[in-house]
Amino acid sequence: QQQVKQSPQSLIVQKGGIPIINCAYENTAFDYFPWYQQFPGKGPALLIAIRPDVSEKKEGRFTISFNKSAKQFSLHIMDSQPGDSATYFCAASRAASGSRLTFGEGTQLTVNP
Amino acid sequence: GAGVSQSPSNKVTEKGKDVELRCDPISGHTALYWYRQSLGQGLEFLIYFQGNSAPDKSGLPSDRFSAERTGGSVSTLTIQRTQQEDSAVYLCASSFREQGPLEQYFGPGTRLTVT
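Protein sequences, first through last, are from chains P and E.
Numbering-wise, the numbering used here puts 45 at position 45 of the first sequence, and it's gapless, one number per residue.
One rule links them: number in the numbering used here = place in the second sequence (from 1) + 1000.
No wet-lab data here; the hints were simulated from the structure.
Keep in mind the model is a prediction, meaning the values are calculated, not measured.
Note that CB positions come from ideal geometry on N, CA and C, so glycine has one too.
Incorrect hints may have been included.
Cβ pair distances, simulated, as ranges [unchecked claim]:
#, chain 1, residue 1, chain 2, residue 2, range
1, E, GLU1044, P, ASP53, 26 to 34 Å
2, E, PRO1055, P, LYS68, 36 to 44 Å
3, P, ALA45, E, GLY1072, 38 to 46 Å
4, E, SER1007, P, PRO40, 33 to 41 Å
5, P, GLN108, E, GLU1044, 45 to 53 Å
6, E, ARG1081, P, ILE18, 25 to 33 Å
7, P, ASP79, E, LYS1017, 46 to 54 Å
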C-alpha cells in the first residue's frame, strides 16, 4: 500500500496555540518523511523532514514526532502565528524507488490573531 | 542560485489541443519530478527523471501524457488531446540525490485549465 492518511482536513487555532497535524502510513519500506507548507498560488515548500531512526526532530518552532511501531508521524507548530496560516502536507518516500513522494491529503491551517 | 522555475504560470487551452509545460530545475540537481495537484485529488506523482532517463513513469495517467528531459536539465511535460479532467496545477520538483536526502524542491507550478 502506498497511501498516506492525513488529519485533520482543516484546523483553526488562536495565535500562540500549538496545532498538531497527524499522518499515518502503511508501507513499512518508507524511510523518509517530509512536511511541506504551501501558500495559495505557490508551490509546496519543504519545512522539515525526519528519517525513521529518530523519534523526534525540531527545527525552530516546528517539531516532527515519529512513531515507527504505530506507523504514524505528526507535525507540531509551537507558538503559532497568523503567518503560519497555510496548507500543510505530509509525505513519505523510499530512497530505493527514486524517492517519489506519496502525499497526504493536506491540512488547511488557520491561525487567528 | 535560483529555485525551480516553471513556464507558463497559467495556461488555458481548448479541449482536444496539445499543451507543453516546461520545468527548469535548480542548477546541478540531477533528479527531476513531475506532480499534479487537483482539487479533491491532492498531490499525485507523475514521473521521475534521473539525468535524462525516466526510471519511473508509473504515475502518468494515460498515454496522452509524456515527458522528456534533455541535457540533464530542462524537462517538458506534454499532454496531447487535452481533456477537462486534465485541469490541475502541474508541479515540478528537483533534488540533488548525490547529497543524500531526498529533499525535493518545488517550483511554483503551471495552472492548466482545459475549457
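Structure-based check of all given hints:
no. : hint                               : in the structure
1   : E/GLU1044 <-> P/ASP53: 26 to 34 Å  : holds, 28 Å
2   : E/PRO1055 <-> P/LYS68: 36 to 44 Å  : violated, 28 Å
3   : P/ALA45 <-> E/GLY1072: 38 to 46 Å  : violated, 24 Å
4   : E/SER1007 <-> P/PRO40: 33 to 41 Å  : violated, 20 Å
5   : P/GLN108 <-> E/GLU1044: 45 to 53 Å : violated, 18 Å
6   : E/ARG1081 <-> P/ILE18: 25 to 33 Å  : violated, 49 Å
7   : P/ASP79 <-> E/LYS1017: 46 to 54 Å  : holds, 49 Å
Hint check: violations occur at hints 2, 3, 4, 5, 6; the rest are consistent with the structure.
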